[in-house]
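Colleague: Take a look at the letters that make up each chain.
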Amino acid sequence: MTANLPAGFEALEPFVANWAGRTAADRAALRGAYPPAERAAFHAACAPLIERGLRQLDAKPLRDLDEGERRLLDLFLTYAHVSLAIDVQASDEDRHRPLREAMRVTRAPVDF
Amino acid sequence: MAGQATAFSPVSQSHLDWLGTDPIPAEPYYDPAFYELERQAVFLKSWIEVGHVCELPDSGSFIRREIEFAKASILIVRGKDGTIRAFHNVCTHRGTQLVEAEAGRQSTFSCPYHMWTFGTDGGLISAPDFGQFHVAKEDCSLPKVAVEVCAGLIFINFADRPPPLREWLGDLADRLDTLLVARATAFHEYVYEIDANWKLTYDNFQENYHLRFIHPRSGGAGTGPENPFGYPVRYGFHGQHRTQTIWSNASAPPPPPAAMLAYAAAGRAAAVNGLGVNDAKDYIALFPNFFLFGSPVQHFSHVIMPIDATRSRGVIRIYWIGEDTSASESFAREFLMATARDIHAEDRAVIEAGQKGLSSGALKNIHFQTQEVLCRHLYQQVAAAVERHQAENAR
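These protein sequence lines map, in sequence, to chains A and B. According to the numbering used here, the stretch in the first sequence is residues -10 to 101, in order. According to the numbering used here, the stretch in the second sequence is residues 294 to 688, in order.
To be clear, the hints were calculated from the coordinates, so they are not data collected in a lab. What you were told as hints is all true, and nothing was included just to trick you.
Below, in silico cross-link-like pairs of lysine to any residue (SDA-like), each with a Cα-Cα straight-line distance of 20 angstroms or less:
hint : chain 1 : residue 1 : chain 2 : residue 2
1    : B       : Lys649    : B       : Pro325
2    : B       : Lys373    : B       : Gly397
3    : A       : Lys49     : B       : Arg561
4    : B       : Lys649    : B       : Pro318
5    : A       : Lys49     : B       : Thr618
6    : B       : Lys649    : A       : Leu88
Quick list of simulated restraints, FRET-style, between CB atoms:
hint : chain 1 : residue 1 : chain 2 : residue 2 : range
7    : B       : Asp601    : A       : Ala30     : 42 to 48 angstroms
8    : A       : Asp81     : B       : Val526    : 27 to 33 angstroms
9    : A       : Arg93     : B       : His308    : 36 to 42 angstroms
For glycine and all other residues, C-beta sits at the position ideal for the given N, C-alpha and C.
Just chain B, with the same shape it has in the complex (with noise of 0.2 angstroms):
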């Protein structure tokens, strides 16, 4: 009968058990000795995601990044050639920082110290008196951060020798290709600090298990009578990597008239794009700490970077191909980007809650259930990487 929902079976534990059922150790969520080895083993080796292409258009377009992980500022810069590279943003002179505004687009970056001057690649041009000096300019270019580009998203990594990031994601890679971000031109952006661990907040988003009591009402077709808790089809598992894809109620009450224009609008866009619909209901979880859902009318990235064990920083995007064109595009993308933060803001509190308790060392684990497989399987991730760092550096 047209309308009736299909019943719904949450995936099954018996699919899972290769993941076991322990408790998870508590102290990893808040103690800074297990940060400064996440730091070190994951954050240090991993390919982290820091923008999109769309950001540097131009030769000599840049964005800075502040990394607090690494303790650095990273210039990302589209060179003459139109090859992207990473720099630290610091004169090899002395130290310097060479550029505090965020974004823009320059020929050379010039320290404003004693003025060594570095082209797009990065080597120095020029040096006042640099006959005075005892070093070659050869021997003075700024040092190199690595950095690869997959489906528009720029990556950098800290590792001297890192592996190919297209090798890194795995077979996520050619899927990441196919969708919106890569051939995105426009975002929306929002950001939030949180007074919480990166794991803790990124957890929250990665389990369904909070949405009936944490989105009542932004939560909308995300939950039904048949799958109360929202609880998702289907779990994938890519290495480090995972995915999810979401249910939801075919049965929910038709949203407000605000958000039937905006899906009208946007469902037209994604339709023009040629945009398909066979990742629009999964979330890819890139390890360490970002996200991407694959839906053609609201494509968001979720990256979220941790600044010390117990503060991290959220940003989210909301990815568009083309500006802006007519009025009901503009008013479909700032609808979606405010229906979007609305869920976001709702989680931040109750994760910085979380934090509180897990902080005052009154708990020796934490508990996830079938569900919170994913949460489980991030921890596994990072507590194999820590141990595969403390083996490396025992040799």
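Bound conformation, chain A alone (with noise of 0.2 angstroms):
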């Protein structure tokens, strides 16, 4: 099998797929795209990835990172967006949802 992401982050290989996105838009909605039992299992293995994986990430400049660091850092950007689904709104996700789709992310800096 091709390696999608750096050597250490195989745990996120199977999440690349559908949990990767590309727009700031993009990964608002992925929150909300998939059962809570998927979107459970993503946050689960990210949680113990992301701080060592911004910090291998990090020593690079953005600009200069590979197809499967980018291909990291897309999923650690919908990282963000799922802990807050997780972390913070748990059992009020489901209802919170509907109310967070009226607002249409426009604008990133940086959607590459």
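From the two separate chains plus the hints, produce the assembled complex.
Modeller: Below is the structure:
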């Protein structure tokens, strides 16, 4: 199998296809795009890796990240949204989702 | 003792007695006739925030704004001389809109209908077979709209002879100059439409009475046992404008790990940029429809544009200095945008529910308590502007 992510982050490989949003609007939408169990699994896989992952990615300027590193960052950026679902909204997340959909993300500094 | 919260006392009514305590008439929050008066007396005579200079980095950079209250499409352009100008997006030949793009960069603007072409200064450069016309090119420039910049924020004014923007902003102008927004080069943005009057919508964001009910999870340190409603520490009144300094619960549980990562990275960026914390908890409310939150780590603006008496559009921007330079910075920015969006999302539905009640006409009055004084101040400023407008027209 071809690796999609840098070495050391194999645990996140199963989530690349669904959770590596390319724009801020995409990532905001991904938070509510899949069943709660899948969202929780993504959160559980990311949570122990994000601090080390960001530190590793920070070693390079953003523009110099290779494809795999950028994909890892996309996963972490989606995690920013998913964390709010799991860690903040918790059992209110289903009720919160339609409220949030009215807030259209129209611009982000770097949507690469 | 470390971590022990100090006793909180809300701002006393005695400090606010000058604003009165009477009920507020409900009709101005839904009546189309009152909105028409507001349109003329407030929105067509006030400086209205419409953008930021970072959207116009180069000569020929432009943005287009649809301004429903003025029934106008406005083109804001940085000219070859670096000056920012605003024009009606309307060909002076027969009125066709020149530009469809929301933003871009062009050295000239050509009307698609008959190819009249205008420069970035609004002057008519060329028009096919212009000899057949009975007018001078000098008299065919794009109609100008007053535009001025303070702290990087672009304001327009539809009045014929508006006061200088800084005079309009009063003592807040110098304060705005010290904030992140004055040096911002990038931003996140999210937008919402709402079936609600602009004042009803705006008021939601200048009172904290609702926090514990509408934001029980996302409100975080905004409330606490000694301040269960999260009332502000202080209010400030600056002519038509106003400020509040928010309270935060020093004993609140730590935020989730993702938030800690984001706040740490955003804090480092703020320190690198030399941003102070003097205004970190201040909301600045510029009359009539603009907010700016002073926080150097989640520095956001919120403008509420009226569409009609009971429809509005909110535009929220979280401003940043510099492009994303590292993964941690990108994560922090995305997280802080998402947290602000979560909170604003929770407000929209309850504001619409309020509009339904008011639009039924069931209420003659609404009631503002002491800690909703900023809502009272806004209404009074609007009512005073409407009265002045009516008096001027009666002469």
